[in-house]
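**Student:** Once you have looked at the hints, place chains B and C on chain A.
Chain residues, written in single-letter form:
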Amino acid sequence: MKPLHWLALAALAVLLPWLPGLPLFWVSLACQIGISAIIATGLVVLTGVAGMTSFAQASLMGIGAYATAVLSTNYGLSPWLGLPAALMASLVVALAMGAVTLRLSGHYLALGTIAWSVSLYYLYANLDILGRNDGISGIPPLSIAGWRLIDIRASAVVIGLGLVGAMLTTRHLLDSRWGRAMRALRGGAVAAASVGVELGQARMLAFVYAAVLAGFAGWLFAHLQRAVNPTPFGLVAGIQYLLMAVVGGAAHLPGALLGAILVVLVNNALQDWLPHLVGPGVNAETVVFGLALVLMLQAAPTGLWPLLARKSKPRHHDVTAAALPRTLMPAQGGVALQAINLQRRFGGLVAVADLSFTLYQGELLGLIGPNGAGKSTSFNLLSGVTQPNHGRVELGGRDMTGSSPQDMARCGIARSFQHAKLVQSLTVIENVALGTHLRGAASPVAAVLRRDRAEEARIFAEAAIQLERCGLADLADASATELALGQQRIVEIARALAAGPSVLLLDEPAAGLRHAEKQALAALLRQLRAEGMAILLVEHDMEFVMSLADRLVVMDFGTVIAEGRPQDVRRNPAVIEAYLGGVA
Amino acid sequence: MLTRHRIALLAATIVAGLGFGAARADTIKVGITFSATGPAASLGIPEANSVALFPKQIGGADVEYIMLDDGSDTGRAVANTRKLIDENNVDIIFGSTVSPAAISMVSVAAEKKVPMIAAAASGAIIAPMDDNRHWVFKTPQNDGLMADAIVENMVKQGIKSVAFIGFNDAYGDGWLKEFTRSSKAAGIALVDAEKFARQDTSVTAQTLKMIAAKPQAVLIAGSGPAPALPQRTLKERGYRGLIYQTHGVANTEFLKIGGKDVEGTLLPTGPYLIAEQLPDSNPVKAVALDYKKRYEDKYGAGTASTFGANANDCERLFEAAVPGALAKAKPGTPEFRAALRDGIEGLHGVVLDHGVATMSPTDHNGFDTSARVMVKIENGAWKLLP
Amino acid sequence: MMDTSTLLALVQDGVVNGAIYALLALALVLVFAVTRTIFIPVGEIVSFAALTYAGLDGKTTPPVLALTMGLGLVAFLRGAVKARGRALMILALETLGLPATVTAIVMAVVPMQLGIVANAAIAILCVAPLAPLLYRIAFAPLAEASVLVLLIASVGAHLALSGLGLLVFGPEGARGDAFSDAVLEMGPIILPGQAIWVLAATLATMIGLWAFFRFTLAGAALRATAINRRGARLVGIATDQAGLHAFWLAGLIAAVSGVLIAPLTTIYYDGGFLIGLKGFVAAIVGGLVSYPLAALAAIAVGILESFAAFQASAFKEVIVFAGIIPVLLWRSLRHVSVEDEE
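Residue numbers (the working numbering), protein chains in the order written: chain A, 1 to 584; chain B, 585 to 970; chain C, 971 to 1312.
Read the hints as simulated data drawn from the structure, not as lab findings.
All residues carry an ideal CB built from backbone N, CA and C; glycine is no exception.
Misleading hints may appear alongside valid ones.
[Said to hold, decoys possible] Derived coverage of chain B by chain A (criterion: at least 3 residues anywhere in the stretch with Cβ under 8 Å from a Cβ of chain A; other residues may be distant):
hint, region
1, 659 to 667
2, 682 to 688
3, 708 to 717
[What the hints assert, rightly or not] In silico negatives: residues of chain A with every beta carbon more than 10 Å from chain B:
hint, residue
4, G21
5, V92
6, Q338
7, G532
8, Y579
Isolated chain A, as found in the complex:
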């Protein structure tokens, strides 16, 4: 959406509540929807984008609500001062919660948030300063220049603007280097780490951002209801918000609003009509709602928004922006990467027994060996994904043993994966842009405030250039899921190149490519080598690797059995034995 559209939305939020003849109750429903949608928007970032399930959003909303309630009621501060307090409180609490919880993975994390939710609920209910179970009442409404916003329509304006603001900042955040990093948490974490994304930071960012939105919603809620108590901040409410996000389509920003609208309106309609059919006290609302929820999920497991949304139009990618800063390519012929007696065991299994070799700048070194020889483990050792039990990794003469993938990336290593790890929810060019993560500098705050546009233009220019180079410019706006496997591998190379590396590790890049595509890949690799890039190539296609590599390292059973020029290695009896011995 263009800025104009957002302005129009904001104008709508200001004017619509005052529409003559609009029933007041609809306005109060809209307020409910607005507040819920803000929380659900946070969940889109946290759950839909970053893949972390949280049941604690209602509890975090409580932090914001209680913060402003205490300040404005017990201490008589202006509700407007309550806003920064609510945001800060939820931010600080989320940081503390995140610090102990976010290292949990998958279901552990979900349960961790349940635990927080239950704990916080009983804390709210038992703290005297928060009014215990009765809560705090008599909270002042917002006021502008002495005009107290008691009229629900005035509240609706504030909530509407708040929602537009929340969706706008979320759109900005998702459409930035941090947005791509968060998206990568779902299904592309290893790849993101390989281009230097600190996963912990990205997770924390998603968690804190969602929490701050929840705290913001809590602030709105407190001054709308003018009374707070623990019930709206319990586990059941937390489940309700998650449910809204999932129903609407958790992976899509408009899904949050759609889900909130649907859940609130359906509940209201059920409340209106069901008692006339079955009588009150039957709780038919929950029964029908529960059934409808199950059926809806069976019909549309990814939520309703994807059913409504049109495919987005391809974007124009400006390739004229100035190049991104990059580290200078080290001199040709210098030592790039050195493996020294690397060893890695998994339990009793020795995957890599003893691996030593040296890779020089401007050299293309092939690493070959039969299946199970330990090539992929070697790759992981060299790129910091796996740590060796023994031995060292040196990069340009620096000892990098024990470094994380992120540190490796920072020092100029980039890699591709045997099983291509593209982020499914990003387009091809966005996947490539993820590669530039370390070359950008915009902070999340800059992203939210849209202060990152110049840098983003340069990032996309870089990504477009690398795609062009790899021959995939036509597919820039395709979804990563649409590509053939071979093409996905090439996108991985483009992503690696976008990181501006001096050492490139490629894991079977030619697998699944057609002949012409292989030729193009070979040409690209030759050109990169000419530019001084050090390339380590694991490949099964012997013809491809023999024609390309300057030298070969041959592995079997985790050790190097031969090393040398291709034509020499080809005649090495140990190599022939290794490749054919098992069969013969």
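**Tutor:** For chains B and C alone, kept in the frame of chain A given last:
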């Protein structure tokens, strides 16, 4: 029994639905939000059932009742209140059943200048009096009034030390606060205060701690049948002191589930519970028995409860104020609502199911000590103590 | 401030409660491992079984049977959209025939007043089929969906069932008769008969489960599906059948725990949720894969709860739930490096 409840509720709704169709200009509309589902359903359902017994005409004007369920949830109670006022244009609100919900409704009622009568217990609903609470009344007795009755009885029995165990919710909180205040004033030591939850499967730990404090009596503050559990555990663990409960257990389910474990329990309650045992001179007797009869005629013998009586009292307060308000303004106007509010605040000596209420600008509950009696459980029944 | 007898009593109380959580943890682990569903409605099954057991008075037919038959009908209609021929026959048998048979048996047996153990069996028989019926209605059609979607569907099923629970059982709680009024006193330990029953039944269930997995073909199929869903399908195991079996077992286990707690406390139609949640805590601490670990964790949760209630009863749940976070952290650090989720 349950199916009969449902049928009655259905009937009530149809009546309400028919009433909706027949609404005339001078119809008084009453908006109701009770907790017919959720944790407080056992209180809310008899309240909701009582609505079908409310009079359809008062002072010559038709009365229409529009009832919604808030599921014991604050958010829905507030949404219901807005809906009833904005959509249905009601002149008065009854509800909610649970205190936190009622407290949250206060600011909406005040904002819209619609009087509200809560059927929830917490004193915080109507005190301290301010511009918002100006519009709000409530029918259940203040916890403080009930706590005083217990403390009075304890003093009479020569009890010097008490342990407390209450629900970990607004009800238990309110009681702990009031009982602490009242017992302190009487010089009774509160040696231990514990919490438990309606759904707890065991209260052994809390019981052990209370027993270790060696109190002469234990006060259990909860509602519905759940407070029978601490009492039984106390017995199991060999506790021999006196056991007090609160009016939250004044329902037949408690007697049924408690069985012989709750024999001898002392508790304060509104006179409604033992209306039959009141002297004929007590004005409450006739009113309470009338409601009980009408309720049980409709829903079956033994079904009426003190909670339903709280709802009935909402209607009785309202009914007493209607004629005066009708004389001042037409229903559906702000003037009528203001007159209704003024009328309720001016009520003097109005007889309710739970006592005789006299309202004032500072007291929107209006009950005095005549609104509570002490009863003892004997042979599985409530017995009025002199 | 705590003497030995109090200490022992707290441990004993914790173990008994923990045993119930352990049963639920087993049910949850089983369902999750086989179908990836976090079975929130397990709490309703517990409540319904307890209320059904407590409501048996020798005269009235358990009202829950209407629910069982109703769900059966829904499950039949849901399945009949796709099933044809023999599959349709089997479907009809399982969704219509079985509940009808249960109803007939129960209606015949109830007036005989065969005693408490028979009542327990009746309650379990009436309620346990709800779980597989739910599977057919809600979860089987979502077999390929993500864990999050399955979880939300589980929430939906929980909402619907708790609403139906209020309809069927009303808002009032109920408490069942104890299996035995005997109280075993051994010095400071006072062991009520019901507590012994709880422990014995938990142990029996665990042994039964172990034997089922170890010695039966269906058990082996369940294990295989739990370890590798796709692999199991490749070797010819019908994974949806395995899912059905998992839900059957979970339904049985949950119904047994319901009957076991019915005499311990007042159970409400919505009372099972929190009990189920604590079982879930134990299940997760056990890693959602290991049965003995989950059972141990459940006992630990029970004991922690008991001590928390003694020390600071107002903050019991805070202590229990906040207390598991370090455990989760420890578990999560042990087996995770950088891992792609989903």
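**Student:** Are there three or more residues in the region 659 to 667 of chain B whose C-beta lies within less than 8 Å of some C-beta in chain A?
**Tutor:** holds (count 5)
**Student:** Is the nearest CB of chain B more than 10 Å from the CB of Y579/A?
**Tutor:** Holds: least Cβ distance 66 Å, greater than 10 Å.
**Student:** Run the C-beta distances from G532/A to all of chain B and say if the shortest one exceeds 10 Å.
**Tutor:** holds (64 Å)
**Student:** Given as covered by chain A, does the region 682 to 688 of chain B meet the bar of three residues or more with CB within less than 8 Å?
**Tutor:** holds (count 5)
**Student:** For the region 708 to 717 of chain B, does the count of residues with a C-beta closer than 8 Å to a C-beta of chain A reach 3?
**Tutor:** holds (count 3)
**Student:** Verify that the Cβ of V92/A lies farther than 10 Å from every Cβ atom of chain B, and report whether the claim holds or is violated.
**Tutor:** For V92/A, whose nearest Cβ neighbour in chain B is about 26 Å away, the distance exceeds 10 Å, so it holds.
**Student:** Would you check whether the claim that Q338/A is not at the interface survives, using Cβ distances to chain B and the 10 Å cut-off?
**Tutor:** holds (63 Å)
**Student:** Was G21/A rightly flagged as not at the interface, with every chain B Cβ beyond 10 Å?
**Tutor:** It holds; G21/A is separated from chain B by about 13 Å at its closest Cβ, greater than 10 Å.
Violation of the numbered hints given earlier is absent; every hint is satisfied by the structure.
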